[in-house]
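*Asks:* Below are the chains, spelled out letter by letter.
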Amino acid sequence: MIYIREFIAGLISPAVVLSKPRFSRQLLKFAYTELYTSYDIGAVARRQEGEVREAMERHASDEGRHYKIFKEWAQRVAPYTASHNNGVNFGDPDGVEQPDRRSVRWSAEQEAAPNRRLPELGDYMLYIFLSESRAVIQFKLYQWLNRYDERCRTWIPSVLVDEKRHVAYSLHYAWREFRRAPLARIRGAARVAVYIARQDLVDLSKLIQVGGSAVMGSLFYFLLVTPYGFGLRLLGLARRDRLRRTETDGPVAPQRVQLDSTYWAEQ
Amino acid sequence: MKVLGLSSHFHDSAAALVIDGRPIAASQEERFSRRKGDSSLPIRAASFCLERGGIEATDLDAVVFYEKPFRKFYRIVSTSLANAPGGFRAFKGALHSWFESKLWIKSEIAKALGVPLDRVRFSDHHLSHAAAAFLTHDVPSAATLVVDGVGEWTSTTLGRLSRAEGAMVYDVFGSVDFPHSLGLLYSALTAFLGFRVNEGEYKVMGLAPYGQPRFVPELRQLIRHPDDGLFELDLRYFSHDRSVTRGWSAELERLLGPPRNPGRPLRLGREGTEFQRCADIAASLQVVLEEELLRLFERARELTGESVLCYAGGVALNCVANGKLAREGPFSRLLIHPASGDAGGALGAALAYCASHGIYRPAGAFSPFLGLDVSSAEFAGLTFDDSGSDSGSDSFQRTQSEDEFVEHVAQALADDEVVGWMQGGAEWGPRALGARSILARPDSPGQQRRLNRMVKHREDFRPFAPVVLDEWAEELFEGLCPGRELERHMLATVTTRKAWRGRLAAVTHVDGSARVQCLRPCDGPLLHRVLARFHALTGIPALVNTSFNDAGEPIVNSLDDGLRSARRCGLGLLAAYPHLVRPAKDPVPVPAESATLEPSA
Ligand SMILES: [Fe+2]
Ligand SMILES: [Fe+2]
Ligand SMILES: [Fe+2]
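Protein chains in written order, with the UniProt record's numbering: chain A, 1 to 267; chain B, 1 to 601.
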């Protein structure tokens, strides 16, 4: 199950790459994943010593560099999307999914971050190994399916070099820990598997939710809202510049608002 | 009567507890959750408020949400109908977020707090704004003007509130509906200038003094004044009612030229550069905004006949305009709540609910220090807890007396150290008012650059604000507002006197302006003493006062947050009476920050 998501994401990538805003959003997602990993690994590195710490710090700084690469790339593809100048969306600019870079850092320190869930080095290394190999698969597919896109062809390999190193070193340490205490490690591996499976389940249910509401929303919008809206506009009942008419539009003689229990109950 | 006010789901969420008309506690959720602009239901902030009030949720007479979500939903549906099929993505996004949570706010609140459904009440967005300003000041009646992005339907409401026996009286004299909105006009141009909506507005305001208002004629074209309305936008130039990605239209690009590419850094620049063009647009925007506000002020004066104005809403965070309007506007007193944005609506809603039952705040100055109180006990825990190896290399010192503490801090500041300052309850509102502040010497060369680059990781062009001994304010600054009421909570900009500009270089903007806080002893006795001592040492009765947080981080709340932030920023000293800490540097490997302007960060 763990590689399915990456395969699907890779397979639909040509469709993503074709649309600039969509591609830019995808690149931003990559960027923040990299950044999150960087902070998370940084937090774990702080608790290690010697060569492990060195390797992890190097990994953290690699991911920090990847963050920059993807972010810049996203900005080049579509500057406005990438900076989430998300317009003012009905006056509620709330569709800001991409976390702030620092907020990403806070979330790495949260309870649910892998560095808290998988407190032992062996578990953590196995987790890194799995997630890094997922990244390798996804990037490779991206690169292979989008050879016509020059940036994909040239930029992804520069990231892949690092990712392969991450796969190698994490496997090395995971194996080293495993050899130390095989039995405990098998349980550790189970913990990692459960953790990842849970993540995947959450992702999958979100995907179903979002996908479902997108389908329903589109049907509703194009079959109902659009014709009805057209009708209203034809009849002069809906105007963009005058959405409603009320007693208090413009300067008026005072209207007293009754602050009674009905008022407070109305939603 | 015990009332909890809540604001959430749109911008910064917050909770505020009011008991018998008196504000007991209030905080934004982000201060606790440590996520900037956190808009989730403010559970942590609410529990803090209840704890501070010493009550349980079941003791509450009402939980008042700051606006009416169904009305807002109705507006969104109407907007979709009027624009279809032009706003599909916006519709899809809205549908998702509304059906996921926003429509079920009532039961969500009831469930989260464990209160019966019928105790969950709903205020009105603009009433919450207006009430926050009106009910925290001691005036029998006042005109109210709320100007923000948009509430349920309205973006501007002009009214009057009066205290009457039995129940507060609310009259509305006029309003402007979405999509016509000065707040959204400002946001659209904020995005046009390559900054992030809802965050970048401060940057636009900071950019304005570098420019010449040469786009004023163009920007005036965006606003019209029909006979039967207060104002309206010329919607040909905007698309904030149909697009999720940009608030302006191609027509606006024809008028002002291409929008700034937000991916490129904006460096302080010379004539003819992109920087200069952006600064000119920002300067023009400021001029046009002030014109419009002055117009609204005059209408408010004329329609209500009141001499005091309570001014609120997101646009009231524009302290440059506030200063001008207080000095030159038609009202003898201008009252602004320190949390004039949407978070402040939580307190406003709770106060309004009490007032509608005839229960008012007892007379006296409003204190904005309603947040988490830093306690010595918390610090003691940190000092002795070495298990996390976090506090390993910090050096702690416990001072024996206030005198010793004040002397140490003032001396450190005089020695040009950057000091993190935490004292008492955290501020309510976006500004640091001396409870969670970073303090520094205002006269050392390159201080502004140093703080921007090292401590706050932000753009070079953004100025810092001074805190000055109230009794010295007239000596250092001109154009102070009547009674220095707005300056008390850092709500207006004034002008630094020429003779002092050299000594106040880090806190004076290129045009000589400064967003000053005039500190009275009652608003921070200990900081007042430090300032006085610093004055004696250096001859300067003012300090740089900027909020205590790192880039992208909410203002620090607990001592633990302060210590972490101090390590990360590399502060020389963290002062929290009676403790002095010299923080160790944060050893976490972090991707190097670029010091250039990155609007999304
Ligand atoms: Fe990476
Ligand atoms: Fe990696
Ligand atoms: Fe508002």
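Accuracy of the hints is not assured; some may be wrong.
Stretch-level coverage of chain B by chain A, calculated; a stretch enters the list once three of its residues show a Cβ under 8 angstroms from a Cβ in chain A [claimed, not checked]:
#1 89-98
#2 488-494
Sample of chain A residues at the chain B side, in silico, Cβ under 7 angstroms [as the list claims (entries may be wrong)]:
#3 PHE178
#4 ALA181
#5 GLY212
#6 LEU223
#7 THR226
#8 LEU232
#9 PRO254
#10 GLN255
#11 ARG256
#12 LEU259
#13 THR262
With a cut-off of at most 35 angstroms between alpha-carbon atoms, the simulated DSBU-like pairs for lysine-lysine come out as follows [claimed, not checked]:
#14 B:LYS106 - A:LYS68
#15 B:LYS111 - A:LYS206
#16 B:LYS36 - B:LYS106
#17 B:LYS498 - A:LYS29
#18 B:LYS92 - A:LYS140
Hints are computed from structural coordinates only; laboratory data are not their basis.
Where is the CB? At the ideal position from N, CA and C, for every residue including glycine.
*Asks:* Indicate, hint by hint, whether the structure satisfies it.
*Replies:* Hints, verified against the model:
Check on the region 89-98 of chain B: 8 of its residues sit with their Cβ under 8 angstroms from a Cβ of chain A, so the three-residue criterion for coverage holds. For the region 488-494 of chain B, the assignment as covered by chain A is violated, since 0 residues bring a beta-carbon within under 8 angstroms of that chain's beta-carbons and 3 are needed. For PHE178 (chain A), the interface hint is violated, the least distance from its beta-carbon to any beta-carbon of chain B being 26 angstroms, above 7 angstroms. For the restraint placing ALA181 (chain A) at the interface with chain B, the shortest Cβ-Cβ distance is roughly 24 angstroms, beyond the 7 angstroms limit, so the hint is violated.
Taken as an interface hint, GLY212 (chain A) does not check out: its beta carbon lies about 10 angstroms from the nearest beta carbon of chain B, beyond 7 angstroms. At about 11 angstroms, the closest approach between the beta carbon of LEU223 (chain A) and any beta carbon in chain B exceeds 7 angstroms, and the interface hint on this residue is violated. Given hint, THR226 (chain A) at the interface with chain B, holds; its Cβ is 4 angstroms from that chain's nearest Cβ, closer than 7 angstroms. The interface hint given for LEU232 (chain A) holds, since its Cβ lies 6 angstroms from the closest Cβ of chain B, which is under the 7 angstroms cut-off.
A cut of 7 angstroms between beta carbons decides the hint on PRO254 (chain A): the least distance to chain B is about 4 angstroms, and the hint holds. Look at GLN255 (chain A): its Cβ gets to within about 5 angstroms of chain B, closer than 7 angstroms, so that hint holds up. Hint status for ARG256 (chain A) relative to chain B: holds, with the closest Cβ pair at about 5 angstroms, below 7 angstroms. For LEU259 (chain A), the suggested interface contact is upheld, since its CB lies about 4 angstroms from the closest CB of chain B, less than 7 angstroms.
Because the beta carbon of THR262 (chain A) sits about 11 angstroms from the nearest beta carbon in chain B, more than 7 angstroms, this interface hint is broken. A hinted pair counts as satisfied when its Cα atoms are at most 35 angstroms apart, and LYS106 (chain B) with LYS68 (chain A) does not qualify at roughly 42 angstroms. Distance hint between LYS111 (chain B) and LYS206 (chain A) is fulfilled; the C-alpha atoms sit about 23 angstroms from each other, no more than 35 angstroms. With a C-alpha separation of about 25 angstroms, the suggested pairing of LYS36 (chain B) with LYS106 (chain B) holds against the 35 angstroms cut-off.
Restraint check for LYS498 (chain B) and LYS29 (chain A): the C-alpha separation of about 50 angstroms exceeds 35 angstroms, so the hint is violated. Taking the CA atoms of LYS92 (chain B) and LYS140 (chain A), the gap is near 32 angstroms; set against the 35 angstroms cutoff, the hint holds.
Of the numbered hints stated above, those contradicted by the structure are hints 2, 3, 4, 5, 6, 13, 14, 17, listed in ascending order.
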